[in-house]
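K.L.:
Residue strings, one per chain:
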Amino acid sequence: MSAPVLPAGLPRPIPHPDGLDRPYWEAALRHELVAQRCRDCRRWQWAPEWLCHRCHSFALDFETPPGPARVFSWQRVWHPVHPALAQGVPYVVLLVEHPEADAIRMIGNLAGDPRREVAIGARVRPVFEDHPEASPPFALVQWQLAD
Amino acid sequence: MERSIRGAVAIAGIGETTYYKRGQSPDPEFVLGLKAILAACADAGIDPRELDGFASYSNDRNSPDRLAAALGIRELKFSNMVWGGGGGGGSGAVANAAAAIAAGYADCVVVFRALAQGQFGRFGQSQFQGVVAGEAALWAPYGVLSAAQMFAMRTTRLLHEHGVPRETLRAVALASYHHAQQNPRAVMRGRPLDVEGYERSRWITEPFKLFDCCLENDGAAALVLVPAERARDLAQKPVYLLAAAQGSEYRAGAGCHNNPDYATASFKQSAPRLYAMAKLGPQDVDVVQSYENFTGGVVMSLIEHGFCSYESAGEVLRLDNLIAPKGGLPLNTSGGNLAECYMHGLELNVEAVRQIRGSSCNQVPGAEVALVSSGPMVSNATSMIAGAESLL
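Chains A and B are the protein sequences, given in the same order.
This note's numbering puts the first residue of the first sequence at -13, with every later residue one more than the last.
This note's numbering puts the first residue of the second sequence at 77, with every later residue one more than the last.
Among the hints, erroneous ones may be present.
[What the hints assert, rightly or not] Cβ pair distances, simulated, as ranges:
#1 Ala105/A <-> Glu272/B: 28 to 36 Å
#2 Glu86/A <-> Pro348/B: 30 to 38 Å
#3 Arg40/A <-> Asn135/B: 27 to 35 Å
#4 Gly329/B <-> Arg101/A: 31 to 39 Å
#5 Ala105/A <-> Leu286/B: 20 to 28 Å
#6 Asn135/B <-> Glu86/A: 37 to 45 Å
#7 Glu86/A <-> Asp360/B: 42 to 50 Å
#8 His42/A <-> Asp141/B: 35 to 43 Å
[Said to hold, decoys possible] Part of the chain B face toward chain A, derived, beta carbon under 8 Å:
#9 Ser202
#10 Leu214
#11 Ala216
#12 Pro217
#13 Tyr218
#14 Gln225
#15 Ala228
#16 Arg276
#17 Ser277
#18 Trp279
#19 Thr281
#20 Ser388
Don't read these hints as lab results, they were simulated from the structure.
Note that CB positions come from ideal geometry on N, CA and C, so glycine has one too.
Start from the sequences and build out the full structure, keeping to the hints where you can.
P.N.:
Okay, here's the thing in structure tokens:
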């Protein structure tokens, strides 16, 4: 478990009532990172959708993407656009790529010093930020520099 | 039969309200919309009751049924909204209005956008409260809540992947502020910006500084479209629509920033179609109005519309080259979203008309062809080319 990167008061994620992303949020609570993988063509996709965009199969599973994750892009936010962030800047948002899982991308924050240098291509690993006090409880997937 | 809008429809009238800083409009948003529509009709010399169609974008709150009733429109024949893409729908709304006229659905269609951020909430502040579900749950909890934050990482990739110099962003911002100083409508008139002022400004989110970001305003703008033959009998010099196109590349709308080509304004596939319909190329364009949500998106738009390449961007996108009357690529000659008014980009379509008429505050001498690109980095983005009678 890692300490919260951002202050409390930001929107809290819940699984969509239609069930599409429920396995992702349940896995995060177990400290597992998963993404969608097609049972038929075995390719990866993100964000979750009901249909595989490559083979049009509706049989989509959630699995842990293989290989290292890398910084694809990033931003350091200085201007707070939400009341909860007034004391929470700067913070770093990462767009993380999974090169060995069809280059799917995920968004999270950089855990640790927000003023440190960030390089595109840097290896990162997921860390899980628990919010057991929330109703319902949730966990965010955050990222630590791996090297 | 060749299917094309080229030359079939003309923009006969343009209208704008006073442009206000957000929250300073004395009028509610609906009144702003009415005033801009009436002004566009007056400009064209058309009785507003002759309007029979409305086209807008970005879920404009002022619905055609209410507008038509308020204006005493005799018969409402066409009501149209561009889906998605925020300001990307601006030129698309003009395109839809023109298509309705060309197809015979309607005869006099007004394209409008009314926006009072003071009345309805700021685009630059998040209203998110409580819980979030669906695709937004994958970014909102991480503090990705504003448009600047949604587009900053694309711009970082533009600079990283293509080696485009950062100074091109600054040149785009300076050009808009330069033009706004001659524009009495511009909210930022009297607030000149130089290199030092830009560089000294605070970060909003890296790589965007304050002046890379659009304003937040209250106002409304409108354009009245009629069949080309009718425009010749009206009050103003007709400005003809030569082409329009919507752009949304392969999986551009893939969730959580998963569009495969990430550092794109969304015009790579649509710009060639646009030019083919206009029977023109980038070298024929006299003046460009390019939607500035953020300067990085303008740089992408200009490259994707062929005004420079990734390699030549640093050389072409210099302030002296971007300003009227002498620059080779006059850009955002009213001050646009950065310095005239964030009228959700429709002020750029209005300015393109002014340039062809010869009535801009920053007139490009002899301008006959104007290109407008709306809403870069969104799905769908749209663009259009307007021209003088000599082009037909």
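K.L.:
Does each hint hold? Answer for all of them.
P.N.:
Each hint, compared with the structure:
no.	hint	in the structure
1	Ala105/A <-> Glu272/B: 28 to 36 Å	holds (29 Å)
2	Glu86/A <-> Pro348/B: 30 to 38 Å	holds (34 Å)
3	Arg40/A <-> Asn135/B: 27 to 35 Å	holds (32 Å)
4	Gly329/B <-> Arg101/A: 31 to 39 Å	holds (34 Å)
5	Ala105/A <-> Leu286/B: 20 to 28 Å	holds (25 Å)
6	Asn135/B <-> Glu86/A: 37 to 45 Å	holds (40 Å)
7	Glu86/A <-> Asp360/B: 42 to 50 Å	holds (47 Å)
8	His42/A <-> Asp141/B: 35 to 43 Å	holds (39 Å)
9	Ser202	holds (4 Å)
10	Leu214	holds (6 Å)
11	Ala216	holds (4 Å)
12	Pro217	holds (5 Å)
13	Tyr218	holds (5 Å)
14	Gln225	holds (6 Å)
15	Ala228	holds (4 Å)
16	Arg276	violated (14 Å)
17	Ser277	violated (11 Å)
18	Trp279	holds (4 Å)
19	Thr281	holds (4 Å)
20	Ser388	violated (23 Å)
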